[in-house]
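Asker: Using the sequences provided together with the hints, build the complete structure.
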Amino acid sequence: MPVIEARDLTKAYGDFLAVDHISFEVAPGESFGLLGPNGAGKSTTMRMISGSTLRSSGELSVLAMDPERRGPEVRAHLGIIPQADNLDEELRTRDNLIVYGRYFGLPLSYLRPKADELLEFAQLTDKAGEKVQALSGGMKRRLTIARGLVNEPKMLLLDEPTTGLDPQARHILWDRLFRLKEQGVTLVVTTHFMDEAEQLCDRLIVIDHGQIVAEGSPSALIRQYSTREVVEVRFGSERNAAMEPELRRLCDRLEVLPDRILLYADDGEALLEAINNRNLAPVTQLVRRSSLEDVFLRLTGRSLID
Amino acid sequence: MTEPIVSDHGLDHFALAARTRRFGAVQFLDYRLRAERPFLITFLTTALGNPLLYLAAMGLGLGAVVQRPVGGVPYLLFVAPGLLISTVVTTAANWGTWPIFSGFKWEKTYFSAGASPLGARQLVLGETLGMVVRLLLQGLIFWLIGLAFGAWGSPASVLAVPIGIVAGLAMFTPLMAYSATLESEGLQFNFITRLIVMPMFLFAGTFFPLEAMPVYLRWIGWVSPMWHGTQLSRVASFGLDVPGWLIGVHVAFLVGCAAAGLWCADRTFARRLVK
Amino acid sequence: MSGDVRVPGHDEAIAPTLRRLRSRPRWLAGLYAGNARAVIGRGFRVIRAQNWGVIATGFFEPVFYLLAMGLGMGQLVGELPGPDGRPIPYAMFIAPALLATSAMNGAIYDSVNNVFFKLRYAKLYEGMLATSLGPMDVALGEIFMALFRGLLYSIGFLGVITVMGLVTSWWALAMIPVALLIALGFASIGMAVTSFITGFQQLDLVPVVLLPMFLCSATLYPITVYPEAVQWFVKALPLWHGVELMRQLSVGVFTSMTGVHVAYFLVMSVIGIAVASLRLRRLFLR
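Residue numbers (the working numbering), protein chains in the order written: chain A, 1 to 306; chain B, 307 to 581; chain C, 582 to 867.
Simulated from the structure, these hints should not be mistaken for laboratory data. The model shown is predicted, which means the values in this text are computed figures rather than measured ones. Cβ atoms here follow ideal geometry from the backbone N, Cα and C, with glycine treated the same way. One or more of the hints may lead you astray.
[To be verified] Simulated crosslink set (BS3-like; lysine-lysine; CA at most 30 Å straight-line):
#1 B:414 to A:181
#2 C:816 to B:411
#3 C:699 to B:414
#4 C:704 to A:127
#5 A:131 to B:411
#6 C:704 to B:411
#7 A:127 to B:411
[What the hints assert, rightly or not] Here are a few chain C residues that face chain B, going by a calculated C-beta distance under 10 Å:
#8 608
#9 625
#10 639
#11 641
#12 642
#13 652
#14 659
#15 786
#16 792
#17 803
#18 807
[Unchecked claim] Partial pick of chain A residues on the chain C-facing surface, computed with a CB cut under 10 Å:
#19 54
#20 56
#21 60
#22 85
#23 89
#24 96
#25 106
#26 107
#27 128
#28 131
#29 180
Answerer: This is how it looks when you write it as structure tokens:
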């Protein structure tokens with residue numbers, strides 16, 4: 001039985017449809033991703049899952065319960081890591097964890113050792129007595145993530161979990177999430193980072209303008225919507241557009257972006273050689289593997305981060 | 307005429323800088339007035355509402371239970387100049403705290419303006435000019451409503467408007483200088499509103515002559531711009547009996563506070579901007 | 582994948598939570614987790630860590646009004662008729678009114694400005710509602726904390742006016758629960774009002790309502806100075822009932838209106854709580 005079941009889920013703010021009739025299922029223990037640009041409706045979907053935003057129409061069941069009618073029960077099982085840190089600025093670091101655990105109704109005898117364990121995990125043990133205001137951005141992020149684990153959640157909702165973290169901290173967090181997944185925790189992740197989606201997600205849906213535009217595993221999506229490799233060439237801002245007809249003769253699909261041209265091919269090196277043989281002389285050139293960014297570009301005609 | 311800024315080669319950046327040095331305060335005033343335009347309705351509501359409310363409640367309502375003349379005139383005439391001054395000085399105090407702090411801390415207006423040729427001095431003068439505009443409008447509206455209440459003793463009472471501007475600045479510029487030194491939002495403003503502005507409003511001779519207070523509380527009036535401004539306005543409105551030398555003291559106190567505040571603000575703004 | 586996946590530690594950890602959730606009334610299932618005490622516990626932790634100066638300044642405001650008006654205006658006004666018609670000193674006339682006003686101001690500030698700030702800027706409630714708490718736990722906890730602060734202030738103020746000899750009856754002790762009743766009435770209405778607020782500019786309207794109410798509710802002079810029509814309008818305002826009730830308690834003189842004053846606030850609280858409950862989803866689950 002799926003842990004999340006959404007059918008025609010919709011959220012309207014006035015005339016604006018933030019989430020527009022989306023349907024999906026998440027299996028227990030699965031790592032499920034929502035990929036899309038800012039404003040696509042990912043966070044709103046997450047908030048509906050936890051019952052902290054009311055849906056406008058459609059059906060939603062989380063752990064076989066309606067989060068609107070039994071929000072407290074649903075959230076008792078969830079760990080929620082919001083996009084923007086919403087730590088309690090009036091409390092100190094350790095008290096943030098304890099008070100948050102009290103909101104779940106957890107006893108202090110459980111929370112005291114748990115708080116110390118989580119501080120250790122977030123590498124904040126020596127900041128336990130500091131005011132939250134005094135923490136750096138990365139520290140606040142780690143504390144927010146640690147806080148979401150206070151109730152040993154069965155399912156984690158992570159909204160842009162690594163935004164604002166440095167590369168090392170991202171990898172530490174991904175490692176920790178892998179371990180939770182191994183323990184059977186279901187992960188639901190929104191992200192606009194392709195590498196994060198590729199790293200973390202077994203399966204994902206691509207959302208744009210509140211609608212699902214594609215669904216599948218990262219590798220299947222790349223196979224389906226892109227080629228194996230991509231050649232990126234730059235001719236300078238004046239010449240990029242003018243080169244398009246010439247390049248079209250060399251490959252079936254290309255995208256002209258403001259600063260560069262992307263050419264899709266299964267053998268990138270061969271295509272690049274063909275370009276150079278014609279003396280087209282790009283200023284810079286690069287062959288790389290296809291990524292979800294290319295999938296998104298193909299599906300929406302837009303770049304993911306814009 | 308200043309030298310042309312746009313030449314065949316594009317903008318003349320030196321001419322631009324020279325002009326900013328001379329007229330920067332006005333350029334910043336332009337920003338301030340634009341930024342406040344969305345709040346015009348709120349501003350007008352309070353500018354109209356405060357005099358109506360205070361003149362009705364304190365002048366007429368409270369006046370009804372004050373049987374004898376105060377300062378030689380009926381209570382309404384006595385209290386009206388005090389109400390005008392304390393209203394504009396309170397506004398000035400509010401503007402000298404949160405908005406200035408926010409300009410450094412949250413909105414960071416001063417840092418973005420400081421990245422242009424504008425310097426600390428132009429920002430300080432620009433904010434002060436903005437304050438003058440608001441105090442002028444607020445004072446005039448108050449005076450006109452006071453006319454309708456019959457709250458003024460003579461046409462010279464209109465002098466309460468310029469007096470209010472100076473008294474407001476005597477409050478605004480020192481607070482502006484202080485607010486520019488604050489790094490984090492603490493409780494300072496809370497203390498300023500509740501322990502300085504509020505007691506001033508209550509104790510500094512707005513509602514009753516300072517002499518009605520025990521001697522050990524009168525100093526609150528002596529050190530507050532509200533009292534000095536109020537006394538001057540009373541002289542203008544109904545000729546309150548104040549010796550000439552004391553009028554001089556009132557004027558000197560207000561002008562001195564405003565000038566000293568400006569001088570300090572120039573320094574604290576400069577220090578904050580280059581830090 | 583099929584069947585339920587067991588997460589080690591999960592069931593044990595949240596067992597007490599689920600036990601509590603099972604024991605609450607079913608019809609409140611989406612709104613209430615029976616755990617307002619966690620919100621209250623948070624409030625006390627904040628107070629403990631807070632600068633006591635801030636709490637003290639809230640206490641000074643009515644005291645300043647009392648000192649300035651009582652001492653200064655008292656010189657000009659002299660005496661005014663008390664609740665039983667006999668003249669009382671001016672300070673004695675305004676002291677109970679200031680207690681009622683301070684209960685109103687504190688409750689509104691806590692339930693409107695404070696709640697809106699925590700909702701929109703501090704995102705405090707977003708964090709609370711990511712846990713098994715429901716909106717009603719948050720609302721009850723916050724109203725409780727507002728009443729607790731009101732309790733501290735009214736005890737302090739009653740102490741001051743007692744020392745100044747401005748109360749003459751043991752009934753004055755009842756001014757504390759009455760201050761809480763006034764605060765409850767205003768706090769519940771305030772919370773309902775907050776659910777309609779969309780931007781912080783609208784908070785400017787709060788003093789536009791409170792200041793006139795303070796000035797005209799027979800706080801600083803008797804209601805008899807008004808023409809009859811205005812008197813009826815003032816008598817419809819909640820603060821006037823609070824002021825009159827406090828004045829009666831301070832000297833221990835009661836009239837047939839006493840019951841009306843109490844009833845006014847009871848009805849106001851019931852309506853306020855009902856509207857606030859209906860608006861809780863709108864307030865917290867946007």
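Asker: Each hint: holds or not?
Answerer: Going down the list of hints, with the structure as the test:
About 43 Å separates the Cα atoms of residue 414 of chain B and residue 181 of chain A, which puts this hinted pair outside 30 Å; it is violated. For the hint pairing residue 816 of chain C with residue 411 of chain B, the CA-to-CA distance comes to about 46 Å; that exceeds 30 Å, so the pair is violated. Simply put, residue 699 of chain C and residue 414 of chain B have alpha-carbon atoms about 22 Å apart, close enough for the 30 Å limit, and the pair holds. Proposed proximity of residue 704 of chain C and residue 127 of chain A is supported: the alpha carbons are some 22 Å apart, at most 30 Å.
Of the supplied pair hints, the one linking residue 131 of chain A and residue 411 of chain B holds, its CA atoms being roughly 19 Å apart against a limit of 30 Å. Note on residue 704 of chain C and residue 411 of chain B: the hinted pairing holds, with a Cα-Cα distance of about 19 Å set against a maximum of 30 Å. A distance of roughly 25 Å separates the Cα atoms of residue 127 of chain A and residue 411 of chain B; the hinted pair therefore holds under the 30 Å criterion. For residue 608 of chain C, the suggested interface contact is broken, since its CB lies about 42 Å from the closest CB of chain B, more than 10 Å.
Interface restraint check: residue 625 of chain C against chain B, minimum CB-CB distance 19 Å, threshold 10 Å, status violated. Given the 10 Å rule on beta carbons, the hint for residue 639 of chain C holds: about 8 Å separates it from the nearest Cβ of chain B. Taking 10 Å as the C-beta contact cut-off toward chain B, the hint placing residue 641 of chain C at the interface holds, the least distance being around 6 Å. Hint status for residue 642 of chain C: holds, given a least beta-carbon distance of 6 Å to chain B, under 10 Å.
The closest approach between the C-beta of residue 652 of chain C and any C-beta of chain B is roughly 6 Å, which is under the 10 Å cut-off, so the hint is satisfied. The closest approach between the C-beta of residue 659 of chain C and any C-beta of chain B is roughly 8 Å, which is under the 10 Å cut-off, so the hint is satisfied. Satisfaction of the interface hint for residue 786 of chain C is found here, the shortest Cβ-Cβ separation to chain B being roughly 9 Å, below the 10 Å cut-off. Given the 10 Å rule on beta carbons, the hint for residue 792 of chain C holds: about 7 Å separates it from the nearest Cβ of chain B.
Taking 10 Å as the C-beta contact cut-off toward chain B, the hint placing residue 803 of chain C at the interface holds, the least distance being around 7 Å. Annotation: residue 807 of chain C was flagged as interfacial toward chain B, and the flag holds, the nearest CB pair being 8 Å apart, inside 10 Å. Interface hint status for residue 54 of chain A: upheld, as the beta-carbon distance to the closest one in chain C is roughly 5 Å, under 10 Å. Look at residue 56 of chain A: its Cβ only gets to about 12 Å from chain C, farther than 10 Å, so that hint breaks.
Look at residue 60 of chain A: its Cβ only gets to about 13 Å from chain C, farther than 10 Å, so that hint breaks. Nearest Cβ of chain C to the Cβ of residue 85 of chain A: about 8 Å, under the 10 Å cut. The hint holds. Contact between residue 89 of chain A and chain C, as hinted, is supported at the beta carbon level, the nearest pair being about 6 Å apart and thus within 10 Å. Here the hint on residue 96 of chain A is kept, as its CB sits about 9 Å from the closest CB of chain C, short of 10 Å.
At a threshold of 10 Å, the smallest CB-CB gap from residue 106 of chain A to chain C is about 6 Å, leaving the interface hint in force. This hint holds: residue 107 of chain A has a C-beta 6 Å from the nearest C-beta of chain C, less than the 10 Å allowed. Because the closest C-beta pair between residue 128 of chain A and chain C is about 14 Å apart, greater than 10 Å, the hint is violated. Interface restraint check: residue 131 of chain A against chain C, minimum CB-CB distance 8 Å, threshold 10 Å, status holds.
Because the closest C-beta pair between residue 180 of chain A and chain C is about 8 Å apart, less than 10 Å, the hint holds.
The structure does not agree with the numbered hints 1, 2, 8, 9, 20, 21 and 27 stated previously, though it agrees with the rest.
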